[in-house]
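A.B. asks: For the numbering used here, count along the sequence shown from 1 and bump the result up by 217.
Derived by calculation from the structure, the hints in this document are not laboratory data.
There's no promise every hint is true.
Straight-line alpha carbon distances no greater than 27 Å define the calculated DSSO-like cross-link-like pairs of lysine-lysine that follow [what the hints assert, rightly or not]:
#1 492 <-> 428
#2 467 <-> 492
#3 492 <-> 458
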Amino acid sequence: MSADIRPIAASELPHWLRAVNTGFLRPEPVPEADVALRSKYWDLSRALGAFDPDTGRCVATFRSFAQELTVPGGKTVPSSAVTNVSVTSTHRRQGLLSRMMAAELTAAKERGDVVSTLIAAEYPIYGRYGYGPAATAAEWEVDIARSGLDPRSSGPGDGGRIDLVDVSELRETGPALHDRLRASVHGVVSRDTRWWNLATGLEQSQARPYKDAFHAVYRDASGEPAGFAVYAADDHWTDEKLPQNTLRVKDLIAVTPAAERALWRFLCSVDWVLKVRTGYRAPDDIAPLLLPDPRAARQVTSADFLWLRLLDVERALAARTYAAPGVLVLEVEDAAGLADGRYRLDAATGACTRTQDPADLRLDVSALGSLYLGDESAARLAALGRVAQERPGAVALADAVFRTARRPWCPDVF
Numbered sequence: 218m219s220a221d222i223r224p225i226a227a228s229e230l231p232h233w234l235r236a237v238n239t240g241f242l243r244p245e246p247v248p249e250a251d252v253a254l255r256s257k258y259w260d261l262s263r264a265l266g267a268f269d270p271d272t273g274r275c276v277a278t279f280r281s282f283a284q285e286l287t288v289p290g291g292k293t294v295p296s297s298a299v300t301n302v303s304v305t306s307t308h309r310r311q312g313l314l315s316r317m318m319a320a321e322l323t324a325a326k327e328r329g330d331v332v333s334t335l336i337a338a339e340y341p342i343y344g345r346y347g348y349g350p351a352a353t354a355a356e357w358e359v360d361i362a363r364s365g366l367d368p369r370s371s372g373p374g375d376g377g378r379i380d381l382v383d384v385s386e387l388r389e390t391g392p393a394l395h396d397r398l399r400a401s402v403h404g405v406v407s408r409d410t411r412w413w414n415l416a417t418g419l420e421q422s423q424a425r426p427y428k429d430a431f432h433a434v435y436r437d438a439s440g441e442p443a444g445f446a447v448y449a450a451d452d453h454w455t456d457e458k459l460p461q462n463t464l465r466v467k468d469l470i471a472v473t474p475a476a477e478r479a480l481w482r483f484l485c486s487v488d489w490v491l492k493v494r495t496g497y498r499a500p501d502d503i504a505p506l507l508l509p510d511p512r513a514a515r516q517v518t519s520a521d522f523l524w525l526r527l528l529d530v531e532r533a534l535a536a537r538t539y540a541a542p543g544v545l546v547l548e549v550e551d552a553a554g555l556a557d558g559r560y561r562l563d564a565a566t567g568a569c570t571r572t573q574d575p576a577d578l579r580l581d582v583s584a585l586g587s588l589y590l591g592d593e594s595a596a597r598l599a600a601l602g603r604v605a606q607e608r609p610g611a612v613a614l615a616d617a618v619f620r621t622a623r624r625p626w627c628p629d630v631f
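Given these sequences and hints, build the entire structure.
C.D. replies: Written out as structure tokens, the structure reads:
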């Protein structure tokens with residue numbers, strides 16, 4: 218018999234969380250406090266479980282929550298963010314994920330969500346459901362001794378300053394700075410109250426434990442906060458009593474170039490630190506080129522990060538801005554039937570409507586998801602056979618229209 222898939226009841230949440238832990242190879246039990254915290258914030262109608270008909274045990278999990286995604290130009294679109302996806306090893310290849318995904322995407326479309334987003338633990342899974350990798354994550358390790366930076370630097374030379382603050386002050390200033398960031402950087406997703414409470418230790422979760430850290434706030438010449446960095450360092454010394462410490466950036470948000478430069482220079486000047494790990498940044502982050510010797514920044518991560526699936530093509534394409542004028546007719550193929558159709562995009566006005574005009578490009582909805590935030594090349598997808606050009610010059614026009622001057626960045630795992 219096939220498993221029963223349905224939204225879970227509050228009484229089933231502990232068993233559902235145990236299934237999540239099993240899928241993510243975490244054998245520890247789920248504390249009652251974690252169950253209570255999730256009951257407080259989660260919409261359990263959006264938490265699906267698959268239950269074995271013989272044992273009644275939860276053997277697959279799936280959850281979504283409301284999110285806002287910033288698109289090129291600074292507008293946001295409502296997204297259904299997918300997380301906590303697992304299928305217990307004993308119940309693989311029974312179509313459980315496909316059934317849960319179909320239920321979620323249909324519900325998201327009915328709710329009026331424009332896109333669906335997720336962070337893929339494994340690459341091959343989500344393309345078959347219409348998702349495409351839309352933003353890449355990069356991380357660097359900076360060798361301070363080779364960087365060429367002056368370790369005796371006394372701080373910002375622009376009239377601003379950097380203050381170390383306690384976590385309560387970060388809780389007050391951080392959300393507003395993040396809101397300013399996501400008004401201008403595409404790929405950034407919203408952070409809700411629970412996110413900030415967990416990040417600042419006001420609430421505790423075993424799955425996302427709070428650890429003490431340092432908090433640096435950059436203030437401009439007028440005294441206004443314009444950026445912050447959260448960081449921690451290890452405590453490694455040689456037998457000769459020489460420090461060998463690595464500083465790890467946990468969060469760095471800057472809303473002005475001056476703030477961004479000042480925070481990176483500060484982090485690379487902390488005493489006893491030999492290496493700095495930047496955390497996940499955009500692939501074109503300024504950090505490496507800020508160094509007099511950029512080769513001192515060794516890239517340790519470059520991988521797909523944010524995946525995106527369009528649910529409402531007209532609203533999605535009309536929400537963002539474009540780098541060049543032009544008209545493109547897109548034939549979008551969607552096996553799930555949620556976003557398929559032919560659409561006319563006028564990049565000069567941003568208008569997108571269904572049309573019967575002949576198609577210029579034909580592509581799957583997952584390829585459109587990769588193009589949407591401007592990080593992928595239509596020419597590269599065409600070379601892979603994932604975009605078909607029906608009118609000469611249409612691929613080149615698509616690249617001119619969709620690509621962005623800076624690459625998208627999603628700072629958060631969810």
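A.B. asks: Decide, hint by hint, whether the structure agrees.
C.D. replies: Hint check:
1. A C-alpha spacing of about 20 Å is found between residue 492 and residue 428, which places the hinted pair at or below 27 Å, so the restraint holds.
2. The suggested pairing of residue 467 with residue 492 holds, with an alpha-carbon distance near 15 Å, which does not exceed 27 Å.
3. Simply put, residue 492 and residue 458 have alpha-carbon atoms about 17 Å apart, close enough for the 27 Å limit, and the pair holds.
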